[in-house]
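Construct the entire structure; sequences and hints are all you get.
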Amino acid sequence: MSSGTPTVSTPGAPPPQKAAQRLSAAPVRALAASRLADPRLRAGLFAAGLAALLVTPLFGLNNSALLLFSTVFMWIGLTSSWNIISGFTGYVDFGHGVFFGIGGYTAGLLVTHLEMPFWYTVPFAPVFGFVFALVVGYPLLRLRGVYFSIAMLGAFMAMRELALVFRDFTGGSGGIIFEAVIDRTLFYYVFLGVAVIVVLGTVWLRRSQLGSSMLAVRENEIGAEARGINTTMVKLTAFCVAGSITALIGSLWAYQTAFIDPAIMFRDVLLINLALMVTLGGLGTVWGPALGATVFILLRETLWETEGEDFLVFFGVALIVVVLTLPKGIAGSLADRVHLARARRAGKEESR
Amino acid sequence: MTALLTAERVTCRFGGLVALDAVDFHVDAGEIVGLIGPNGSGKSTLLSCLSAGRRADDGRIRLDGKDITGRRPSTVARLGLTRTFQDARVFGELTVTENALLSRDWTRLPSFGLLRSPERAARERAAGLLDLVGLGGMAREKAGSLSGGQQRLLELVMAIMPGPKVVMLDEATSGVNPALIAELSEHLRLLHREENVAFVIVEHNVGFVFGMADRIVVLQQGRVLAEGPPDEVKSNQEVIDAYLGA
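Quick mapping for you: the protein sequence lines, in order, are chains A and B.
The first sequence begins at 1 in UniProt numbering and counts up one residue at a time.
The second sequence begins at 1 in UniProt numbering and counts up one residue at a time.
Rather than coming from a laboratory, the hints here were simulated on the basis of the structure.
Every residue, glycine too, gets a C-beta built ideally from N, C-alpha and C.
Where hints are given, some of them may not hold.
Claimed, not checked - Here are the in silico distance ranges between beta carbons for each label pair:
| # | chain 1 | residue 1 | chain 2 | residue 2 | range |
| --- | --- | --- | --- | --- | --- |
| 1 | B | Arg-72 | A | Leu-164 | 38 to 46 Å |
| 2 | B | Gly-70 | A | Glu-309 | 57 to 65 Å |
| 3 | A | Ala-51 | B | Arg-72 | 44 to 52 Å |
| 4 | A | Asp-38 | B | Ala-121 | 52 to 60 Å |
| 5 | B | Gln-86 | A | Glu-305 | 28 to 36 Å |
| 6 | B | Asn-196 | A | Met-233 | 26 to 34 Å |
| 7 | B | Lys-66 | A | Phe-259 | 37 to 45 Å |
| 8 | B | Asn-196 | A | Leu-134 | 49 to 57 Å |
| 9 | B | Glu-186 | A | Asp-38 | 54 to 62 Å |
Structure (C-alpha cells):
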C-alpha cells in the first residue's frame, strides 16, 4: 500500500506534535488498542495471567476442568509450533500431524521394546521429530505453495500406513497400551509449561534475526536470498523446530491418554483443527495461534454441550464469518488496529 | 590493476534464445559502471548471472579473486556483491529497521552483555544509513506503508548494509518521481564516497546514468556493443544508431 508521492518530499522529518496528539480526544477503542502496544503492559498482563493459571489447580478443580485446561494448553503449543513453519515462513504444512504421531510412537516403542520408563523417553520424541523434519524437509521444502502442503499430507498418510502395516513392531491397529497415570494436575502443569515455553519462544523468535528472515522468506524468497539469507537453512530450521515441538507434545499426549494406535496418533482432524484454530487467531502472528486455540476449544466445549454433534455446523458458519470480516484473524486484525492507533498518535492522518 | 569483479565469456540461453553471448565484463574497485542497452539486450540477465540469481550456461565469474560461479545468491551477497531489483523487493510486513537489519547473520548465536556490541554496531549502522537517505523518521513504520520511491531508497540501504564491495542497481530510477532523481543520485554519490563501494547501474534514464558513471558499457542482443568513458560512448555512431538515437 503505497501512500503516493507527496510524502516523499519530507521523508526525514518526524511530526513534532506527538505529545499534543496524545491528549486529543481519540476514539476509545483506538486508545485501548494503542495501550496494548505498550510492551510493559503486555508483559504485565502475561505475568498476571500466568500467575493465575499457576495457582488455579490449588482451588480444587475437578478432573474434567483440569483436562479442559490441559487440552487448551496442548493446542496452544501445537498451533504455535505449526505457526512457525506455516505462518512465519509461509510453507503451509497440511501434514503436520505426522510429527504428533511420530512423538507418540517414539514414546510407545521405547516403552514397549526397550522397557524404558516413560519420562526417560520424553527427550527422544523431539529428537526423532527433528530428524524426520530434516530428512523430509530437505527435499520437500523446495516445493512451493500448495505442492508442499500436498506433499506433507502424503508424508502424513504414508507414516500412518507404516504404523498400521508393521504390526509386529508397532502393534498395528491394536495399538500400544501404556501404564496409566491418572494425574490430571500433573498434566495440567506439564502442558502449561510447554505452552508457555512455546509462546515465549515465538515472542523471542518474532523479534530475532531468524524470525525476520522467516518473514522475508514468506514475502519474497528470491529477494530474501539476495539479502544474504540462506533461505534453505531458514526454512529447514523453522520446519525442524516446529516438528520437534509437535513430536514432544505428541509423546506427552500419548502418555496422558495411556493408549496409542495409528487412528488416534495420526488423526486427520488434528490437521483440520490446526488450520482452523490458527486461521481464527491469525496466521503468522505471535499471539494468534494461542488465541485461536483457546477460543476454538472453549467454543467447542460450550457448543458440544448445547448442540451436540451439530456444533460443527455453527462452527463452520462462524469460521466463514471470521475469515470474511477479519481476514487476518483475531490477533492480526487487532495488531492492525494497534498499528493504526500508533500511526494516528504520531499525527499521520493527513498523509493517508 | 586487477578488477574487483570480472565476468569472462558469460553465456546465458533461454531455450533457443541467446540472452548473453560470451560477454566479458569487469568492475574496478570504487568504480561506477553504467550498463545500458535497448530492451532485451541482456542487461538484467547479466545482473542476474553476476548475482547468482540465474546460473550462467557458460563462463566464469570472479569477485575479488574468488571464483563465485555457481554459488548460492546468499553466499555471493555475503562475499560482497549485492543488488537491488527492478521491482524494489522490500519486505512489507517488516519495519523499515528490520528490513535494513536483514543482512545480519542470524546463524551467529545471540550474545549477551559486553559481547553485544556487534548487534549494537549493526543497529547504529542501519540508523545511520537510514538517516543518510532520509528514512530515519520512518524507522518503525512497516516497509509496506512506504511510497515506491522510499522503498527504492530502503532497498538501497539494504544492499549497502553488509558493507559490500560492489552494489548492482537494476533500474534505480524507475518509479521514482522525476523531482527526486537528483536527490537519488546525490545519495548514491554520498554512499559511493563514504563506503568506497563500486556501483553497477542498469538504467534507461540516459541523463542519470551518463551523469553518474565513470564508464559506460552498452549491450545489444547479448553482446557488448561499446565500452568507454561517457563522452566517448555518447559520440559513438554505433551506439547512437542502436540505442541513443539522433
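So, going through the hints one by one against the coordinates:
1. B:Arg-72 to A:Leu-164: 38 to 46 Å: holds, 41 Å
2. B:Gly-70 to A:Glu-309: 57 to 65 Å: Given range 57 to 65 Å: holds, Cβ gap about 59 Å.
3. A:Ala-51 to B:Arg-72: 44 to 52 Å: 47 Å Cβ-Cβ, so the 44 to 52 Å window holds.
4. A:Asp-38 to B:Ala-121: 52 to 60 Å: Since the Cβ atoms of Asp-38 of chain A and Ala-121 of chain B sit about 28 Å apart, the hinted range of 52 to 60 Å is violated.
5. B:Gln-86 to A:Glu-305: 28 to 36 Å: violated, 58 Å
6. B:Asn-196 to A:Met-233: 26 to 34 Å: At 31 Å between Cβs, range holds.
7. B:Lys-66 to A:Phe-259: 37 to 45 Å: Violated: the Cβ-Cβ distance is about 59 Å, outside 37 to 45 Å.
8. B:Asn-196 to A:Leu-134: 49 to 57 Å: 42 Å Cβ-Cβ, so the 49 to 57 Å window is violated.
9. B:Glu-186 to A:Asp-38: 54 to 62 Å: violated, 39 Å
The structure fails hints 4, 5, 7, 8 and 9 (numbered hints given earlier, in ascending order).
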